[in-house]
Amino acid sequence: MKSLSLKQITVGLAVLVLLLIFPLVVTQIFPLQVMILVFMYAMLGVAWNIMGGYAGMFSFGQAAFFGIGAYTSSFLLMTFHVNPWIGLIAGGLVAALVAAAIGYPCSNLRGHYFAIASIAFAEIVRVHFNNWTLVNAAEGISLPMLDESFINFMFHNSKVPYYYIMLAFLILALVVCYFVATSKMGYYFRAIRESHDVAEVLGVNVVRYRLIAIMISAFLSAMAGTFYAQYVLYIDPESVMLLAISIQIVLLSMLGGAGSIMGPVIGAAVLIPIAEVTRVWLGHRGTGVDMLIYGFLITIISVYQPQGVWGLLSRIGNRIK
Amino acid sequence: MPEQLLQQIVNGLLIGFMYSLIAIGLTLIWGVMNIVNFAHGEFLMIGMFTSFWLFSVYGLDPLFSIPICFLLLFVMGMFIYRFIVSKVMKGPMLAQLVVTFGVSIFLSNLAVYLWTPDFRLIPPTILQGTWEFGELNLSIPKTVASIGSIITSVCLFLFLRKSKTGKAILATEMDREAALLMGINTERINSLSFGIGAALVGVAGAFLSTYYYIYPQVGGLFGLIAFSIVALGGFGSIEGAFIAGVLVGLAQTLGGFFFDPAYKYAIVFMIYLITIWIRPQGLLGW
Amino acid sequence: MKAKSWITICLSMSLLLVFSGPVLAQGVIKIGGVYPLSGNIASTGLDCKRGVDLAVDIINGKYGKELDLPMAKTGGLPNLGGAKLEVVYADTKGEPKNGMSETERLVTQEKVVAIIGAYQSSVTKTASQATERLKVPYVCSDSSSPTLTERGFKYFFRVSPHDAIFAKDWFQFLKDVEKKTGKKVATVAILYENTEFGSNVGKYARKYAEEFGYKVVADISYAANATDVTSEVGNLIKSRPDVLMHASYITDAILFTKTFKEMGFAPKGILTMAGYIEPGYLPAVRADGNNIIVRSTFALDLGKKKPLVTKVSQLFKKKYGIDMSENAARSFMAPFVLADAFNRAKSTNSEAVVKALLETNISANQVIYPWKGIKFDPQSHQNIYAQGGLVQVQNEQYVTVWPFASAAKDVVWPFPGWKGKKK
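If you're matching them up, the sequences are chains A, B and C in order. Terminal number for the first sequence in my numbering: 725, no gaps in between. Terminal number for the second sequence in my numbering: 292, no gaps in between. Terminal number for the third sequence in my numbering: 428, no gaps in between.
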């Protein structure tokens with residue numbers, strides 16, 4: 405992975421400035437809501453990418469970590485009145501621990517086996533939370549409405565603070581991903597992805613690096629989960645631990661380009677607005693046409709452009725040079 | 007014998023045989039071309055709807071629509087292989103994983119669009135009622151479906167072992183390069199296997215429609231369980247998938263009975279995880 | 006990031022900007038209807054929409070001018086210059102986060118002045134949190150979780166009964182039927198699907214069982230989309246209850262009915278909720294549904310004692326070609342409550358409307374349910390007159406059997422068993 409060129413940095417800064425002033429220009433709620441979702445899913449995609457795109461562990465169970473993050477911070481808030489920011493860190497740690505616990509026995513699973521194991525794991529977690537009275541089981545947790553403030557991580561009158569917070573989280577995730585990708589660890593990850601056995605022979609401690617990848621990924625996903633809880637103010641296993649969420653994360657990362665830093669961001673930027681807009685436009689006629697288009701797109705992308713949009717852009721970029 | 011225990015074992019077997027029938031198609035596809043068909047549940051759904059519409063429009067009893075479901079899903083499977091899946095075979099692993107997800111989303115929503123999300127049920131026809139043996143109640147549709155599953159699996163087994171095409175399929179499963187060297191047209195084998203795999207689950211759909219409700223998302227849970235079964239049995243092993251299907255059916259029913267029905271599926275997934283940890287290639291995989 | 010990628014983002018964003026700019030028509034009051042119009046539960050959402058659309062037609066005077074319903078005679082809201090009501094629908098797909106975002110969109114962009122919906126209690130929760138934040142009235146007549154009116158919200162009102170009331174009805178019925186038939190009931194089994202709806206019912210059923218003095222011999226929760234329920238039914242058979250109480254959606258209702266028959270589970274009474282009264286249930290199970298008792302707020306035969314019900318259901322059948330279902334009937338009422346409040350407040354301003362809602366007093370003969378009317382508790386904003394009833398499937402039709410005073414036919418008790426089972 406080359407370090408960033410001057411051109412890339414300039415474009416990146418330009419986009420960042422645009423994103424920063426966006427809420428000041430566009431004040432309607434719906435576009436803001438969509439952007440917040442884009443950032444959130446982008447972050448989840450970046451988190452997935454670290455273990456999937458880079459280390460080759462294709463997880464279809466990220467929703468478990470997302471949900472664990474949401475539940476940890478919400479539970480601590482509801483029961484012990486722990487500040488949500490502390491809950492955020494706690495959630496990340498719990499998710500990372502769980503990730504390590506499940507990652508260790510799965511550390512020599514490959515490809516499809518790993519994918520299905522991740523689904524199995526996530527479903528077990530979901531069923532468990534659905535029946536666990538400590539967290540209100542299926543009834544879910546309604547977050548107490550605190551006074552609006554940054555410390556309380558809750559805002560009622562406007563979405564704008566949520567927008568900036570989520571953007572900041574996303575940038576944090578990207579920075580982490582960048583460091584992972586360009587460090588020696590990143591090389592180890594890619595070695596593991598290309599060939600487990602060769603990496604081992606070459607002296608890479610495969611188990612340790614796989615665990616690191618999973619734990620980082622889990623921590624970041626959990627952060628997004630806490631954000632969601634503070635944003636929607638109600639969580640239940642159906643809304644934060646659903647398999648469909650995990651699948652969407654993989655799909656958008658792939659669409660954008662797995663194995664590249666910005667890939668998931670592009671994927672989220674394209675897919676989420678399409679999903680939201682087609683639902684508003686077409687969805688209410690009750691015929692699932694929006695999902696039909698979505699499924700079609702995914703299939704086409706897999707077949708004709710498996711490197712994702714990022715791959716496409718790189719090819720165009722190379723030709724322009 | 008504790009009350010209900012025999013009944014629950016029998017029920018576990020009955021649902022297990024249905025799971026087996028669903029899973030053998032999936033494992034065939036995986037074994038031959040290394041693709042986990044995430045749209046497998048949707049093929050099941052299409053089989054069920056085919057059976058339903060044949061019944062509603064032509065009054066055809068689901069038992070007689072089995073051959074039609076087989077053929078329809080066979081053609082569909084080959085079509086999907088040729089025009090979609092074959093193109094990602096040389097691509098990255100992720101594309102292969104994701105493309106069938108795309109097909110799955112497309113198919114289930116196409117069903118919603120064409121047939122509405124409503125739930126349908128085929129009213130009892132030739133197969134109906136329960137046989138009673140003392141304390142034991144045996145559902146006739148489920149029993150017939152189980153027998154059908156066993157017969158189908160045996161047919162598949164014989165086909166693979168005795169016929170020339172079948173042996174070619176097995177050869178490709180075992181060692182793709184060697185098969186190529188032996189002059190086997192592996193592309194054709196792929197296409198055929200995908201078609202047969204889809205056809206098998208189409209037949210499962212026809213049987214299932216005799217006692218389960220039909221709707222566009224019905225494939226979801228069955229598909230998930232099938233992945234667990236295939237992995238448990240060992241990707242590619244027909245015998246493994248068959249046995250694993252029955253085991254999972256038993257585990258689900260007995261687990262739900264003795265333990266907690268709310269955790270039924272968690273138990274199924276737990277079995278998968280434990281098997282995979284202790285014996286990653288599954289029970290009979292290679 | 007490459008130049009081309011931020012173009013992609015800008016293009017997506019501009020798509021969104023297109024969807025702005027509401028248009029306020031003259032003499033039209035817009036309210037938002039938030040329902041699951043696609044996804045798994047779409048058929049129910051569409052059913053609710055039918056009820057709402059019919060209500061709006063009657064309010065606007067399209068038909069039903071002779072009916073004794075609020076605003077029906079005048080066609081439009083007289084105190085607001087004959088303004089008509091219009092519902093702007095949003096599809097939640099059954100997800101709570103969409104409940105929130107769609108409500109916000111409807112209020113801030115489409116400029117609706119009130120919200121109705123959202124059928125699923127988990128979605129109503131987030132949607133009403135949005136309206137509470139945005140200070141807009143929300144009148145709910147189709148979500149039954151008791152927790153919705155336990156939050157102390159100012160802007161949220163619920164017209165229909167909730168699950169605690171329904172659970173209590175079950176037990177009240179048992180006491181009544183024991184007295185009527187002289188056959189005692191000692192034990193109950195509680196069976197419920199494991200999302201919020203079912204678990205809440207389970208919770209209240211346990212509570213009222215103790216209060217009313219019945220022993221709970223089985224307490225089973227399960228996943229609604231199960232592939233097979235023989236283990237659950239096996240456990241029920243083992244526990245030998247006198248009466249079964251079941252809270253389910255339609256898919257599990259169908260599966261359980263078939264499995265009960267298959268395994269020969271026939272307690273003295275089968276009391277159920279929700280799924281058994283969905284329009285798809287009887288066509289699916291046909292005669293197997295006979296003699297099952299379901300909680301209901303609405304039944305076509307209420308018309309025997311209340312002609313309004315017959316007239317409304319005839320209008321419904323004429324417009325849609327199918328019978329009015331319970332879901333459609335429940336959603337039907339919310340637009341009337343709002344129209345009545347707008348009219349009395351002579352305004353659509355939130356505070357004025359909330360004040361008017363608190364003063365709502367719709368009489369018994371202006372509602373299509375066996376209630377004494379509509380009046381909201383000043384604290385919880387729950388309609389204090391909301392109550393349920395029980396219907397029983399007799400000859401593949403729903404017949405009101407309880408309260409006995411408003412029953413159309415006598416209840417068949419105990420459950421006579423399954424027909425045509427043995428071979």
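If you're looking for bench data, these hints aren't it; they were derived computationally from the structure. Possibly wrong hints are sitting among the right ones.
[To be verified] Output of the computed footprint for chain C on chain B, the stretches with three or more beta carbons under 8 Å from beta carbons of chain C:
#	region
1	117-124
2	213-222
3	258-264
[Stated by the list, open to error] Using 16 Å as the maximum straight-line C-alpha spacing, the simulated EDC-like pairs for lysine to aspartate or glutamate come out as follows:
#	chain 1	residue 1	chain 2	residue 2
4	C	35	C	73
5	C	243	B	141
6	C	424	C	401
7	C	243	B	266
8	B	96	B	183
9	C	309	C	181
10	C	243	B	67
11	C	424	B	183
12	C	180	C	137
13	C	273	C	181
14	C	116	C	155
15	C	159	C	401
16	C	102	A	604
17	C	324	C	137
18	C	173	C	137
A virtual CB, placed ideally from N, CA and C, is assigned to each residue, including glycine.
We went through each hint and held it up to the structure:
As drawn, the region 117-124 of chain B meets chain C at 4 residues by the rule of a beta-carbon pair under 8 Å; at three or more, the given contact holds. Here the region 213-222 of chain B counts 4 residues with a CB under 8 Å from a CB of chain C, which clears the bar of 3, and the coverage holds. Counting residues of the region 258-264 of chain B whose CB lies closer than 8 Å to any CB of chain C gives 6, which reaches the minimum of 3, so the coverage claim holds. Restraint check: the Cα-Cα separation between residue 35(C) and residue 73(C) comes to about 23 Å, which exceeds 16 Å; the hinted pair is violated.
Restraint check for residue 243(C) and residue 141(B): the C-alpha separation of about 12 Å stays at or below 16 Å, so the hint holds. Taking the CA atoms of residue 424(C) and residue 401(C), the gap is about 13 Å. The hint holds against a cut of 16 Å. For the proposed pair residue 243(C) and residue 266(B), the alpha carbon gap of about 14 Å is at most 16 Å, so the pair holds. Simply put, residue 96(B) and residue 183(B) have alpha-carbon atoms about 14 Å apart, close enough for the 16 Å limit, and the pair holds.
Restraint check for residue 309(C) and residue 181(C): not satisfied, since their Cα atoms lie roughly 22 Å apart, outside the 16 Å limit. A hinted pair counts as satisfied when its Cα atoms are at most 16 Å apart, and residue 243(C) with residue 67(B) does not qualify at roughly 35 Å. As the CA atoms of residue 424(C) and residue 183(B) are separated by approximately 61 Å, the hinted pair breaks the 16 Å bound. Straight-line distance between C-alpha atoms of residue 180(C) and residue 137(C) comes to about 40 Å, which puts the hinted pair past the 16 Å bound.
Between residue 273(C) and residue 181(C) the alpha-carbon distance is near 15 Å, which keeps this suggested pair within the 16 Å criterion. Taken as a hint, the residue 116(C) and residue 155(C) pair is broken in the structure, with Cα atoms around 28 Å apart against an allowance of 16 Å. Restraint check: the Cα-Cα separation between residue 159(C) and residue 401(C) comes to about 43 Å, which exceeds 16 Å; the hinted pair is violated. Between residue 102(C) and residue 604(A) the CA atoms are separated by roughly 44 Å; this puts the pair beyond 16 Å, and the hint is violated.
Among the hinted pairs, residue 324(C) with residue 137(C) is inconsistent with the structure: their alpha-carbon atoms are about 35 Å apart, more than 16 Å. Between residue 173(C) and residue 137(C) the alpha-carbon distance is near 30 Å, which puts this suggested pair outside the 16 Å criterion.
The earlier numbered hints that this structure contradicts are 4, 9, 10, 11, 12, 14, 15, 16, 17, 18.
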